[in-house]
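Protein chains in written order, with my numbering: chain G, 8 to 632; chain D, 17 to 390.
Fair warning: there could be bad hints in the mix.
To be verified - Covered by chain G, according to a simulated footprint, are these stretches of chain D (three or more residues, beta-carbon under 8 Å): (1) 99-110; (2) 168-178; (3) 266-273.
Unchecked claim - Every beta carbon over 12 Å from chain G, so not counted as near; a handful from chain D, in silico: (4) Val52; (5) Ser219; (6) Glu299; (7) Lys302; (8) Thr312; (9) Pro326; (10) Thr333; (11) Ile341; (12) Lys355; (13) Asn356; (14) Arg359; (15) Pro362; (16) Ile367.
Since the hints were derived computationally from the structure, they do not count as laboratory data.
Where is the CB? At the ideal position from N, CA and C, for every residue including glycine.
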Amino acid sequence: MKKNIIACVLTVVAVLSFSVFASAEEGKFPLQQFGRMAILESGRIKPIDTYARHVLLQFSGKTTYERKPALAWLARVIFTPTQTRDDKVFLINNAEIAHALGVTAESKRRYSFAQLEKGFHQLEMLAASANQIEPKSRSVVENEILRTFENLVLYLGLTDSFSFAVPHVDFSISSGNVVRMLQLPETQKEFTFLEIALHSDLIRPVADSLTAKNSSDWTEDEREIFRILSNMYQWSQYFRHLPLMVIPSEGNHEQNWLSPWDAMAQEFHSEKIKKEIIFLAELTRGYQDKQPIVFDLAAKKFSDSVRQRTSDVRSMRYIDLELSYNRAGYFVFSHIFYWLSFLAFIAFAVNGKLNLRFASFMFLILGFIPHTAGLIFRIIILGRPPVTSLYETFVFVAWMSVLLGIIIEKVNRKWLGNIVGSIAGVLLLIIAGKFSSDGDTMKMLVAVLNSNFWLGIHVPTITMGYAACCVAGIIGHAYIIQAIAHPQDTAQLRATYKTLLMSLGLGLTLSFFGTMLGGIWADQSWGRFWGWDPKENGALLIVIWCIIIFHARIANMLDELGVAAASIFGIVIVAWAWFGVNLLSVGLHSYGFTSGVAAGLIGYVAAQVVFLIAGVFWARKRLKI
Amino acid sequence: MLDKIKSLRIMRTLSSVKWAVFCLLALFILVFAGTVYQAEYGLYLAQERFFNSFVFLLFGFLPFPGAQLVLWILFVNLTAAAITRFQYKWSKIGLTVIHGGILLFFISAFVTFYYSFESNLTLNEGESSNVSAAYHNWEISAWEKATGKKSVIAYDADHLNSNAVLRFDDLGFSLTVKNYYPNSAAFSESDKKDAVRNSSGISILEERPVDHDPVKNIPSGKFVLTQANSPSQDIILFGGDMLPTQITAGAKHYELVLRRKRFELPFAVKLVDFRMTKHPNTEMAKSFESTVEVQTPLASREVIISMNNPLRHNDFTFYQASYSIGRNGEETSTLAVVKNKGRVLPYIATIVTFLGLVFHFSVSLYRMRAKDPA
């Protein structure tokens with residue numbers, strides 16, 4: 008029978024992996040080498056693939072466009088900008104902003120650049136006035152205006168960033184003499200900025216001689232040369248400070264990366280950089296002419312050249328690893344398996360077949376493996392513990408809770424661990440997903456956090472404390488439901504209760520140690536162990552709550568059911584310490600508090616209170632106490 | 017004797033676990049309320065109201081114990097329990113160690129709260145100083161001008177009441193407080209310039225509401241200067257005065273100033289160099305560090321102070337707190353200076369309590385498994 012279960016589970020795995028590989032094959036144009044190119048953005052060197060995901064996520068709230076990967080969309084924006092004018096990628100949540108920009112509101116809330124272009128000036132003015140307001144007191148609408156404006160500016164920047172490699176009428180030369188002088192192919196009429204720039208030394212003497220002559224005496228050829236050179240100057244002035252910093256500066260290749268336009272303006276004298284820019288032009292041509300081989304090869308040559316110059320930079324070594332991390336979607340797999348584990352458990356609870364319980368455990372383990380792998384990859388890529396943003400802490404706490412679930416299942420061997428692990432995994436990864444929509448989940452850290460030692464011991468300890476307290480709370484739910492469903496099975500109730508106490512003890516130990524380690528870190532960096540700061544207070548509340556439960560139990564103020572109920576309330580406190588406090592610092596009086604997270608938190612607390620009151624009442628009746 | 021104490025009824029009451037539970041609940045409410053309060057009123061006021069106080073009015077009408085009172089009761093409760101209730105036997109060693117650690121926390125809180133001070137030292141590159149300044153405590157200081165070694169007489173200015181008299185007997189004058197404002201603005205009126213004595217030409221003071229951030233308060237006061245053999249005179253001292261106010265008594269000249277409280281350090285600190293690095297292509301600081309020279313009469317040494325990496329010298333600890341870069345690129349570094357004799361106590365308490373917890377819960381787990389093998 009067990010064999011059948013394993014066979015079923017393996018089938019599910021096979022189907023899932025096939026679907027993933029199938030989706031990776033999508034998009035005919037070979038973008039692997041392009042996605043592998045490195046870019047410096049928000050202080051971190053990352054593959055363009057990651058960058059594309061963040062930009063598209065920031066624009067549209069999704070990481071794919073028309074079911075194609077973000078990278079394919081970004082390539083179109085950069086290389087064939089005019090074709091993306093009608094792509095509906097700009098997410099505007101407020102219909103009133105769309106109206107203000109003269110666009111009829113779309114049901115999917117996503118608009119194209121062509122739609123928004125007419126209102127751009129209006130948007131610019133709105134954004135300028137929103138910018139006057141302090142970030143804390145901006146309303147939702149004002150934030151949305153700024154976001155939309157920044158997105159449009161970034162889009163425009165992206166569309167211009169490779170324009171040096173596209174032939175333009177500004178650089179069309181009608182005089183054969185001038186073309187010959189520039190040693191450019193005579194068959195061509197329009198040239199690119201780069202082509203002229205590469206040969207501009209050849210016409211420099213003519214240009215220099217013009218200053219001595221009266222402009223009315225200039226020949227046709229001389230006029231042509233003057234026109235081209237002044238266009239060159241105007242272009243180089245206009246296209247400054249654009250995005251896409253893909254070229255490491257010769258002088259400081261670790262800190263200072265340049266966009267192609269800036270690289271041409273500042274370091275064109277360097278042969279290596281000149282070569283890299285030529286590769287980028289080949290890349291553009293390959294894409295526009297639909298020549299996959301030229302495109303792929305140019306991307307590879309460019310990357311090789313950059314890599315050779317930056318071989319001593321740490322993060323360059325992990326570009327490929329990050330790419331595979333992006334592709335694999337480890338946490339998506341984990342999430343699916345945790346769902347399956349949960350569903351298998353529910354089926355087990357309904358019909359009591361032990362095979363289903365076994366399947367539930369198998370799925371839990373299967374989810375845990377990619378979860379662990381994903382975390383390890385993040386640690387290697389970023390070179391720091393995976394607990395520096397809310398997103399990461401949710402992923403980490405989910406991992407820890409599933410681990411505790413697995414341990415409980417190994418110890419308890421009944422069913423408790425399955426439900427604890429799968430519920431925690433499913434719910435926490437859902438919340439993590441909400442937090443990942445900010446864009447880059449691998450951000451740089453402010454100075455005080457930039458200490459791997461303290462970050463590595465304090466934050467994981469405290470978040471493991473969160474996990475243990477959450478697990479205790481989930482067991483509390485299980486206890487109450489068990490008391491209602493099977494009040495006569497006291498042995499089982501007792502076993503659940505003891506596991507609950509152990510989780511709570513672990514929660515207390517880890518939360519206490521984590522909080523005090525935080526105090527020691529604060530003493531090391533600010534000179535005070537304790538300052539009643541909101542984050543410290545939040546952690547302290549968890550510790551105090553655990554201590555209260557243990558002492559109230561000794562003083563006979565709480566019975567078993569009471570301890571279970573108090574543990575459930577413990578999750579509310581953990582939620583408060585974990586992210587409720589962060590909402591508070593945004594300011595209770597600003598609109599920030601009505602954002603999705605806060606609404607979710609309030610909804611959760613309300614649901615929890617209802618469960619507690621109804622559950623405890625009913626359980627008391629069933630247990631006859 | 018000990019048994020006699022143990023059997024006292026009052027000891028049984030004082031050591032009750034119920035007390036602990038109620039105190040912890042009160043502490044829970046205080047910590048939560050103190051956090052929410054901070055969002056609106058700032059850290060300093062929250063600390064004063066909820067944590068440093070003995071009693072305060074919750075919601076403005078409900079008398080509620082402050083954290084200081086609650087912690088004192090908990091301390092008494094725990095001490096009484098340690099005398100009467102604890103079972104000192106090997107099977108309970110984990111619990112004993114945990115509570116021993118908690119007692120240590122109480123002691124370290126006491127030492128830190130009553131016997132430590134915090135101040136700050138702001139230095140330009142190349143500058144050296146042995147005087148650090150408080151964040152928001154003020155003093156009125158006077159000294160004789162142009163003597164070699166300054167001997168300064170200072171009065172604490174934080175709690176000055178009207179009509180209080182500050183006597184500078186050695187200098188031959190005294191000040192009587194007319195008005196004192198913890199936060200204020202100052203103005204000058206050209207026609208009344210000579211009526212009041214002040215180094216910045218201030219003649220009018222205006223009281224301002226006290227700021228939530230105590231660092232932002234600029235106090236000021238109007239005083240009557242009384243000297244032997246001369247008529248009394250009005251004098252204004254403003255926290256924002258750039259120069260001390262001059263006084264002449266007899267043939268001698270004195271200087272008088274209202275300033276942030278000064279602390280003299282037993283050694284001097286010189287800022288040799290300040291450096292800041294940013295994350296590439298961003299404005300986000302990656303690290304700051306100051307190279308300083310500690311100059312004692314006997315020797316001097318150079319040390320680098322950076323975030324998370326303070327300098328310790330005697331009982332003093334110096335932290336990288338803040339910095340500024342002027343228009344011409346001149347760099348200034350602010351170091352927090354903390355003197356705390358009890359600073360290692362919480363470290364020890366943390367380790368003791370943690371080990372106790374680990375031991376206690378491991379033993380419980382082991383016993384639970386032994387009792388009912390699954």
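### Task
Find the hints from earlier in the document that the structure breaks and name them by number, from lowest to highest.
Hints 1, 2, 3, 4, 6, 7, 9, 10, 12, 13, 14, 15, 16 not satisfied by this model.
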